[in-house]
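Student: Please put together the full structure from these sequences, using the hints given.
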Amino acid sequence: MEKETKIMSVRDAIIMAMSEEMRRDENVFLMGEDVGVFGGDFGTSVGMLDEFGKERVRDTPISENAISGAAIGAAMTGMRPIVDVTFMDFVVYMMDNIVNQAAKTRYMYGGKGQIPVVFRCAAGGGVGSAAQHSQSLEAWFTHIPGLKVVAPGTPADVKGILKAAIRDNNPVIFLEYKAQFNMKGEVPLDPEFVLPLGKADIKKEGKDVSVITYGRMLERVMQAAKEVEEAEGVNVEVVDLITLSPLDKDTVLESVKKTGKVLLVNDAHKTGGFIGEVAAMIAESDAFDYLDGRILRLAGEDVPIPYNQTLEAAMIPSVERIKKYILKLVNNR
Amino acid sequence: MAKTKSKKTEVTKEKMLHMHRLMLDIRNFDSKVNRLVKKGMIPGMTHFSIGEEAANVGAVAALKQGFDMITSNHRGHGQSIALEIDLNGMMAEIMGKATGTCKGKGGSMHIADLDNGNLGANGIVGGGMGMAIGAALTQKMKNTGKIVVCFFGDGAVNEGTFHETLNMASIWKLPVIFYSINNMYGISTPIKDMINIDYNYQRACAYGVPGHFIEDGNDLMAVYNKFEEIVQYVRDGNGPVLVESLTYRWLGHSTSDPGKYRTKDEVDEWKKKDPISRFRDYLLENKIASEKEIGEIEASSLEAVEESVKFALSSPEPTLESAFEDIFAD
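Chains A and B, in that order, are what the protein sequence lines are. Numbered according to my numbering, the first sequence spans residues 1337 to 1669. Numbered according to my numbering, the second sequence spans residues 35 to 364.
Among the hints, a few may not be true.
[Unchecked claim] Just so you have them, the derived chain A footprint on chain B, three or more residues with Cβ under 8 Å:
(1) 130-144
(2) 159-172
(3) 190-203
(4) 350-361
[Claimed, not checked] Partner residues are not named here, just some residues of chain A that face chain B (Cβ under 7 Å, in silico):
(5) Ala1410
(6) Thr1413
(7) Asp1432
(8) Asn1433
(9) Asn1436
(10) Gly1447
(11) Ala1475
[To be verified] Result set (DSSO-like, lysine-lysine): computed pairs, CA atoms no more than 30 Å apart in a straight line:
(12) A:Lys1539 x A:Lys1585
(13) B:Lys326 x B:Lys66
(14) A:Lys1594 x A:Lys1514
(15) B:Lys344 x B:Lys73
(16) A:Lys1606 x A:Lys1660
(17) B:Lys226 x A:Lys1440
(18) A:Lys1520 x A:Lys1448
(19) A:Lys1448 x B:Lys207
(20) B:Lys98 x A:Lys1448
(21) A:Lys1535 x A:Lys1562
(22) A:Lys1540 x A:Lys1660
(23) B:Lys294 x A:Lys1440
(24) B:Lys294 x B:Lys305
(25) B:Lys307 x B:Lys49
(26) A:Lys1543 x A:Lys1440
(27) B:Lys321 x B:Lys47
(28) A:Lys1440 x B:Lys207
(29) B:Lys47 x B:Lys298
(30) B:Lys180 x A:Lys1390
(31) A:Lys1539 x A:Lys1660
(32) B:Lys344 x A:Lys1448
(33) B:Lys47 x B:Lys98
(34) B:Lys66 x A:Lys1440
(35) A:Lys1585 x A:Lys1543
(36) A:Lys1448 x B:Lys180
(37) A:Lys1520 x A:Lys1440
(38) A:Lys1514 x A:Lys1539
(39) A:Lys1440 x B:Lys180
(40) A:Lys1664 x A:Lys1606
For the record, the hints were derived by calculation from the structure and aren't laboratory data. Ideal Cβ placement from N, Cα and C applies to all residues, glycine included.
Tutor: Next up, the structure:
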């Protein structure tokens, strides 16, 4: 196995993951609005048209329903499509195909057929695109049996988990974050670098408090953990879920038992958000007996994302607020 | 009684008798299911294809069995039977048994037969259209020569997905036939009140595809002959086609339909255009088959349906554990 790594952006990690899988398996192809000559609305398929041609880097009409439906039908009959949903907000137009068709078909048919399709959704705010272009809608999909949902937060994880999603034989909702396409990090160059779906990762070990997060918030949680450790000597454990569904309950509960304190962080709206589910799972489990404080959630505010950048920033958990919540827990306030 | 207008074609006697048998199977199967529903032996929703046998069988008979594909809709019994599904498994499925086509997890609205090209019935109106164009995209990308027929009703044409999927199929020249079986009502609403054109096939021009109308969808050979022509056109790589046949469902929308929206006279008028008795007469008048031969087919169809009920009744209920299986593929 090739051990070499390279510093690259999330964007390039996405391109690398898709390109490697398309080289490996001729059934894999990319479809969506502007994926071809434009190279993707977020530049996540730049250069791919040249290598793979327009059959496999397939520009579509602005028809999210048809895009998702066609992807599912192609997947049912032997292809492995990757859909560039672009803004996750547009997934609303795809809901019947994802929720009523892709998630349920195999079950309704008594275990016959499979739908290996990945929906790549550019989630979250942070780029001043207002309420219809800034949502993180993962909780809609974690609610539906039959879907897998992943939200990696580093370039290496993006590569490894996207490849796993493409190789998986089920529909996978893949969150990538608009604010983080340029975020850089070390990425393994090995084409067989594939992370396991359904496995959380302890991004930082610690003993005082468990901060459970995923996706875009991982970067801020890591920064906050570093700062409270340096300034206050608080030893934070960071649990990166990576896969939301199926959830790696064991890793979460093990960490909770170790630290006895839990903060959950996500950028999606607080009410009905996915971290609420994780909180409930912890509260119901035997790890509850190990807690010596309340389970805290820090999430996006329950407002549509405002356009003004100062307002927008204030609606999403910041490093400062994450630090404040960590200290609140540690000091039992 | 309206007679079949089609001339005798080159279709073999064997094929014609086979199509007649499939129409009888649909009629007998659904009549039986209807009786079982009334007796409380079948739960849940069932939608019947009685009256629409020719519109289903004529279309499917023009396909290559076990090669081409279909997507079906909530009123899918006719399509599944036309594609020669195992009646035992289908009856067991409708009774929710472990031996059913879908292990009792799908029921009437989700009958599928993937090995034989039936990508499945769909409980969402218009829900199969995306699946159909995607299946057609696979055939085009892999150059298999297979085509896909997407079955839907008249009401589905007012779903947005119709517009998106037919346009996409057209620009990509996908090998798919969009087939609307127009039985004139979306549950209770007459289609003529819900569109401002005469027929849905007229929309084809908006997508740059041919539109075909089978005015007498109860004339088996008319449906079959038109489909032969369309199937060839699509198989030749010319892209999609929109086709509509006019027919009528004899029974209610589903088992809970009081039928207040249409008159007895209207229903009786359509019963006079019964596709099965018309094709029976056609076979006799053209001396394609004798009374005796047809009688044997009729008896054997009834027997197969009775057999399916016996099979279903004697089949086990699914285990509770099975409810937690088949959610994900490995």
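Student: Decide if the proposed pair is consistent with the structure: Lys1535 of chain A and Lys1562 of chain A, CA atoms, cutoff 30 Å inclusive.
Tutor: Answer holds: Lys1535 of chain A to Lys1562 of chain A is near 24 Å, not above 30 Å.
Student: Using C-beta distances, would you say chain A covers the segment 190-203 of chain B, given that this needs three or more residues below 8 Å?
Tutor: holds (count 6)
Student: Can we keep the Asp1432 of chain A interface hint, with Cβ of chain B closer than 7 Å?
Tutor: 6 Å, holds
Student: Tell me if the straight-line CA distance from Lys1585 of chain A to Lys1543 of chain A falls inside 30 Å.
Tutor: 19 Å, holds
Student: Check whether the Cα positions of Lys1543 of chain A and Lys1440 of chain A lie no farther apart than 30 Å.
Tutor: With a Cα-Cα distance of about 41 Å, the restraint between Lys1543 of chain A and Lys1440 of chain A is violated, given a limit of 30 Å.
Student: Tell me if the interface restraint on Thr1413 of chain A is satisfied: Cβ within less than 7 Å of some Cβ in chain B.
Tutor: 4 Å, holds
Student: Given the hint that Lys1520 of chain A pairs with Lys1440 of chain A, test it: the Cα-Cα distance must not exceed 30 Å.
Tutor: 37 Å, violated
Student: Holds or violated: are the alpha carbons of Lys1448 of chain A and Lys180 of chain B at most 30 Å from each other?
Tutor: 21 Å, holds
Student: Holds or violated: are the alpha carbons of Lys294 of chain B and Lys1440 of chain A at most 30 Å from each other?
Tutor: 34 Å, violated
Student: Lys1520 of chain A and Lys1448 of chain A were given as a pair; does the straight-line alpha-carbon distance stay at or below 30 Å?
Tutor: Violated, at about 41 Å.
Student: Do the alpha carbons of Lys307 of chain B and Lys49 of chain B lie within 30 Å of each other, as the hint requires?
Tutor: 22 Å, holds
Student: Mind checking the alpha carbons of Lys226 of chain B and Lys1440 of chain A for me, to see if they're no more than 30 Å apart?
Tutor: Not OK: Lys226 of chain B and Lys1440 of chain A at ~34 Å, beyond 30 Å, violated.
Going down the numbered hints, you'll see the structure goes against 11, 14, 17, 18, 23, 26, 29, 37, while the others check out.
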